[in-house]
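Make a model of the complete structure from these sequences and hints.
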Amino acid sequence: MILLQTNKIRKAFAADLILSNISIEVQAQERVALVGRNGAGKSTLLKIIAGEITADSGDIIKPKETTVGYLAQNTSLVTDRSIYAEMLSVFQPLINMEKNLRKMEEKMAAPEAFPDKESYQRLLKDYDGLQIAYKESGGYTYQAEIRSVLNGLNFGNYPDDTPITNLSGGQKTRLALGRLLLTKPDLLILDEPTNHLDIDTLTWLENYLLHYPGAILIVSHDRYFLDKVVTKVYEISRTTATKYTGNYTHFLELKAEAFEQELKSYEKQQKEIAKLNEFIQKNIVRASTTKRAQSRRKRLEKMDVLDKPSSDEKSARFSFAINKQSGYDVLSVNHLAIGYQSQDPIMRDLNFALTRGESVALVGPNGIGKSTLLKAIAGASTKLEGYASLGTNVTIGYYDQEQARLTSNKTVLNELWDDFPLKDEKDIRTVLGNFLFSGDDVLKIVSQLSGGEKARLALAKLMMQKDNFLILDEPTNHLDLDSKEILESALIDYPGTILFVSHDRYFINNIAARVIELSTEGLTNYLGDYDYYLEKKEEQAAIDALENKKQEESAPSKPSGGKEQFEKEKERKKRERHMARTIQKLEEDIAELEEAIDRDQAALVDPQVYHDSKKMNEIHQRMTANKEKLDQFVDKWEKNQLEYDHIAMND
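In the UniProt record's numbering, the protein residues as written are 1 to 651.
Honestly, the hints are just simulated from the structure, not real lab data. Remember, predicted model here, so these are calculated numbers, not experimental data. Fair warning: there could be bad hints in the mix.
Straight-line C-alpha distance at most 27 Å; calculated DSSO-like pairs for lysine-lysine [what the hints assert, rightly or not]:
(1) K308 to K8
(2) K298 to K308
(3) K639 to K135
(4) K383 to K423
Okay, the calculated beta carbon distance ranges per label pair [unchecked claim]:
(5) K268 to S489: 23 to 33 Å
(6) K549 to S389: 37 to 47 Å
(7) K574 to N166: 34 to 44 Å
(8) N151 to K549: 37 to 47 Å
(9) P421 to N166: 45 to 55 Å
Don't be surprised by glycine CBs; every beta carbon is placed ideally from N, CA and C.
In structure tokens, the structure reads:
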């Protein structure tokens, strides 16, 4: 079933054509990505589909009954409600149904108050229909869904009555995402939903969307996320859309193959054109061959000449070099405490070291202190105690995710030139051109730049410094997919040392040879990329679970080596099976109680029961007891389901 079609959508802003002849299609339960450069028109197309703005021409076609949910970039909740009350408001129709059921039950408990049998039977029939609708709409599970979403989006430790007005902008955006997920529209439209999410929350969202019952249309610059979630990709480029089947990696492969094929067809045709022209020039004046030459000329005139394929729009071009090589020991962190002056340290007793040529990712949940640690190493006042010692000839190039080192009232040209006044203006303009600032772009005021433009300007400054130790705080934020890939290539070829923080798992996989995790327990080293880090984390979690179980059972010894791995995997699977059986049994018990309640409700319609007040009271008492049991079983089901989801997410 087709949930959405766009037919020849066109949109321009003033004289700038953004979209032309855009036709895409989303089927039921499909996961579709829109990709393309910043400014290509992805968000504009989503706004048109969501009804936020209108197209200049073209049609949006979707079934009348299709529900659409839209999350714009940096959406923020504006409400006086608390966290839980805001999530609960999604289910207000269910809450109203629940209140009506309770009122009906109160009336049913006093059949003698009804003027006649028919009115009582109408109430019973209405009650039965309402309860079925309540159950089918998720009346017994919606509170568990709220808890699951709040836990997944990292609000599990927040009190239910926390006012939303007290939250940060990023937290409000996360909460807006959670609220939208709970509404479960047929078509979920998400514009950069991975912004403001740490790695654990990203993993949860991936798992949630993989099991989402509706269709999804999504814009994201997170390639790891796209690989996990989507099954179809539309690339918006040069105002048009091209469809590719598969995830993001497959899209890149298909795009490269298509480019190669187009290039071969173009080159083949060019050779054919050259041969025809050569034959025409040699034979057009000869009487014996002029007809053949004229025939070839007509053939050439009728030929549909192919344009030379272009790999893409203009790309940034840069690389990182160093002025001089550092010593082997680049950084030594000893007993470091980090935080802010006049406050207790965020972290204490941090210890690690970097050697020349290493590329190390620093990971951990939002708010744990990763950026604070980078600032401390770079020489900021966030170093409270201990040492962060640099090795011989080490010079630091620091990339600040907040772009605080850019001067807001300068032009782009002066922002770079003032730092390197001995360079010719031509050289400065050439560097800026390599970072996609050309013509009058260099005269823009820094404060007027987009997030992506500021990121490119900061990278240009960093490149020109030629330091041998790069400290990068979220360098891929605000960069489009193409710019991320170019930055990766530049960092892979960089001859110095890199320490960086990123939530981009694809980027970490490509750049890092070591991962350092910052947690409440301190620092933990993993000698590999992000996938290796995940693998080791899962192994350690299984080992910890096995050890805890053994301690509880007072086991005399524990297995080691390969046997230990086998035992911990066996234990995890056993626990998962046990939770699945528990949930299945609870669901069976819930179904039995619901059937018992349904039977009692049907019995109330029986004339023999209706005229027997003693029998009526017995049935009402039994229904009340069964409903209390039902509430208890539903509570147990919610808790077990949350635990099972946690196990399955780490599977």
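Hint check:
1. K308 to K8: OK: K308 and K8 at ~25 Å, within 27 Å.
2. K298 to K308: At roughly 22 Å apart (the allowed maximum being 27 Å), K308 and K298 satisfy the hint.
3. K639 to K135: Roughly 19 Å separates the two Cα atoms, so the pair holds.
4. K383 to K423: violated, 35 Å
5. K268 to S489: 23 to 33 Å: holds, 31 Å
6. K549 to S389: 37 to 47 Å: holds, 43 Å
7. K574 to N166: 34 to 44 Å: holds, 43 Å
8. N151 to K549: 37 to 47 Å: Cβ of N151 to Cβ of K549: about 23 Å, so the range 37 to 47 Å is violated.
9. P421 to N166: 45 to 55 Å: For N166 against P421, whose Cβ atoms are near 46 Å apart, the range 45 to 55 Å holds.
In summary, the numbered hints that this structure violates are 4, 8.
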